[in-house]
Amino acid sequence: MAVASPLKTPLFDWHQSHGGRMVEFGGWLMPVQYSTIVEEHRAVRERVGLFDISHMGRLTFDGPGALDWIERVTTNHAAKLAVNQIQYSLMPNDRGGLIDDILVYRTPHGYTIVCNASNRPNVVPQLEAHREGADANFIDRTLDTAMIAVQGPLAAAVVQPLFDQDLGAVRYYRLAMGRVLGDVDTVVSRTGYTGEDGLELIVPAGQAERVWAALLESGRAHGIIPCGLGARDTLRFEAAMPLYGHELADDINPYAAGLGWAVKLDKGEFVGREALRAFRASPGSTRVGLRLDGKRIARQGAWVLQGGVKVGEVTSGTFAPTLQASLAMALVETAAAEAGTALEVDVRGHSEPAKVVPLPFYRRPAAS
Amino acid sequence: MDPSTLLYLPSHEWVHLDGKIATIGISKFAVDQLTDLLMIDLPEVGKALTAGKGFGEIESVKSVSELYAPVSGKVTEVNSAVVDDLQVLSEDPFGKGWLIKVEVDDPSATSDLLDRAAYEKKVAEEEH
Numbered sequence: 001m002a003v004a005s006p007l008k009t010p011l012f013d014w015h016q017s018h019g020g021r022m023v024e025f026g027g028w029l030m031p032v033q034y035s036t037i038v039e040e041h042r043a044v045r046e047r048v049g050l051f052d053i054s055h056m057g058r059l060t061f062d063g064p065g066a067l068d069w070i071e072r073v074t075t076n077h078a079a080k081l082a083v084n085q086i087q088y089s090l091m092p093n094d095r096g097g098l099i100d101d102i103l104v105y106r107t108p109h110g111y112t113i114v115c116n117a118s119n120r121p122n123v124v125p126q127l128e129a130h131r132e133g134a135d136a137n138f139i140d141r142t143l144d145t146a147m148i149a150v151q152g153p154l155a156a157a158v159v160q161p162l163f164d165q166d167l168g169a170v171r172y173y174r175l176a177m178g179r180v181l182g183d184v185d186t187v188v189s190r191t192g193y194t195g196e197d198g199l200e201l202i203v204p205a206g207q208a209e210r211v212w213a214a215l216l217e218s219g220r221a222h223g224i225i226p227c228g229l230g231a232r233d234t235l236r237f238e239a240a241m242p243l244y245g246h247e248l249a250d251d252i253n254p255y256a257a258g259l260g261w262a263v264k265l266d267k268g269e270f271v272g273r274e275a276l277r278a279f280r281a282s283p284g285s286t287r288v289g290l291r292l293d294g295k296r297i298a299r300q301g302a303w304v305l306q307g308g309v310k311v312g313e314v315t316s317g318t319f320a321p322t323l324q325a326s327l328a329m330a331l332v333e334t335a336a337a338e339a340g341t342a343l344e345v346d347v348r349g350h351s352e353p354a355k356v357v358p359l360p361f362y363r364r365p366a367a368s
Numbered sequence: 001m002d003p004s005t006l007l008y009l010p011s012h013e014w015v016h017l018d019g020k021i022a023t024i025g026i027s028k029f030a031v032d033q034l035t036d037l038l039m040i041d042l043p044e045v046g047k048a049l050t051a052g053k054g055f056g057e058i059e060s061v062k063s064v065s066e067l068y069a070p071v072s073g074k075v076t077e078v079n080s081a082v083v084d085d086l087q088v089l090s091e092d093p094f095g096k097g098w099l100i101k102v103e104v105d106d107p108s109a110t111s112d113l114l115d116r117a118a119y120e121k122k123v124a125e126e127e128h
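Top to bottom, those sequences are chains V and Z. Counting with full-length UniProt numbering, you get residues 1 to 368 for the letters of the first sequence. Counting with full-length UniProt numbering, you get residues 1 to 128 for the letters of the second sequence.
You may find that some hints are simply not true.
Here are the simulated SDA-like pairs of lysine to any residue, each with C-alpha atoms no more than 25 Å apart in a straight line [stated by the list, open to error]:
| id | chain 1 | residue 1 | chain 2 | residue 2 |
| --- | --- | --- | --- | --- |
| 1 | V | K295 | Z | A109 |
| 2 | Z | K28 | V | Q16 |
| 3 | V | K295 | Z | D32 |
Stretch by stretch, here's where chain Z covers chain V in the computed footprint (C-beta under 8 Å, at least three residues) [what the hints assert, rightly or not]:
| id | region |
| --- | --- |
| 4 | 147-159 |
| 5 | 310-322 |
Hint data in this document are derived by calculation from the structure and do not stem from the laboratory. Where is the CB? At the ideal position from N, CA and C, for every residue including glycine.
Just chain Z, same shape as in the assembly:
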């Protein structure tokens, strides 16, 4: 994925929309902040997600963080490569490290999401 074309939540999840199918992951900034990843909990295929609500959690040596859904919809695919080996997420958070795919209820419901510029601004503020 090209990070510049994705949409983001302030909590560092990204989403790529292709028609009704959304691919969801977490940003490189989030991965760098977490470091030392231990395990990830992702939903099962078929599970219904609600935008803004938690859909899983990721644990690092330092802390546990909830993952928030950028969109509402039904899980169609879970990236088992990441579940098996979090190194995949550490190395390629915008590519091979995607987390889940979702069939979106309403592909136009993205007004709460940030574009890359807005997300980068938010991250810059967080670093201060």
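If we strip away everything but chain V, and leave its shape as in the complex, we get:
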């Protein structure tokens, strides 16, 4: 099999010339950090940070058959979406595991699915396989657009001066189509992956550097800094957002992952429905939060033990910059999942005491 060389986002040159430490991630060359992960993490919790998320897949649909087609391959009820609304959904396989977790946007023109970078090569064939003569157009817009996330309590203050629509009307999980900088057609959505308020901009690839520079300029007075995938991961971790390949995988069912709310078994027929029905009755394991006593980090794959007996495995672990503790998410047997349960994690041969704690680890303060 030919090994494809990694893709570059329209902002690649900017990252390289501004100290971005580039790594390969999901088939793309992406900045993992510019300063330090902790500094970038803090900027997002306290002020605002700017992320290039152009590696994520953007797949657009239009035509009368688009909705039914999306419903057939996803677990949530896309038909419930109002125009300009966004829904978190899952793309299951026929065994009740997951091909990806996605966002479904309903725009005035149709639908857009935003998927994970590394899963786009699996998502697109799954869509094609279940097209079933749908009267709809489908275009993969990933390479001719860019996606920029502005995350943090000051995100709206940074974006609003550049955007010709009122962001006050764009509530959580809503979008608006308009223009930035007077002439750049842009979709602005309010979703985010950090636990903070945040906005994402989808712009034409050729305008990406211009918009990125304008956001940095607009955010200068607010202390904005560019942030990489490293901080994106510690931020999403504290907010307990699942990450594909960690909390989600083709052999992890959504009920075990704590995402049963995104599966609507009664919406009609869809891929994997019968397998998912069985998993709802017995998910087999439960996603939990763990707080370790020491500073050692429980990384993915570390065994979780109870009295020396294996009861699960860590899916993600890190030192949480906001909470200043070694934390982990794990899939454990349901009997060991109750908050307060004392467990151990085998961290490279060291048995580290840990306690089950509620998720998310971090929740942003209520807006005042």
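Place chain Z on chain V using the hints.
Chain Z in isolation, oriented as in the chain V frame:
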């Protein structure tokens, strides 16, 4: 320590030899790559090290990295200032941030180590 007079492993440990006593640390490049250091595990005094084998580990937000012994010998001293506060290592990896001292079995057994020029060449390759 003067970085230009030290010997290095490709895995970024440095060693300074003074007779039979070797002082061991990790390079500024390694510290910069790791960033956000969390904790370090170092051996106890008296522990025997084997050149090329692991003698401890250092954990950062991003990853955990094994520390490799540049020389064989017995640990005579551990820098508790670094264990207590990794800031010392971040700020001065070639000085106050040294990690351990070792009484070396054979001070002439350094042929696998890189001089500064060879190490810098290796680092430059790694950055690409």
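Mind checking the alpha carbons of K295 (chain V) and D32 (chain Z) for me, to see if they're no more than 25 Å apart? Holds, at about 20 Å.
Within the region 147-159 of chain V, is the number of residues with a Cβ closer than 8 Å to a Cβ of chain Z three or more?
-> violated (count 0)
**OP:** Measure nothing beyond the straight line between the CA atoms of K295 (chain V) and A109 (chain Z); if it is 25 Å or shorter, mark the hint as holding.
**Re:** With Cα atoms ~36 Å apart, K295 (chain V) and A109 (chain Z) exceed 25 Å; violated.
query = Given the proposed pairing of K28 (chain Z) with Q16 (chain V), does the C-alpha separation stay at or below 25 Å?
reply = holds, 21 Å
Test coverage of the region 310-322 of chain V by chain Z using CB-CB distances below 8 Å; three residues minimum.
It holds: at least three residues are needed, and the region 310-322 of chain V offers 3 whose Cβ sits within less than 8 Å of chain Z.
Hint violations for this structure: numbers 1, 4, all remaining hints satisfied.
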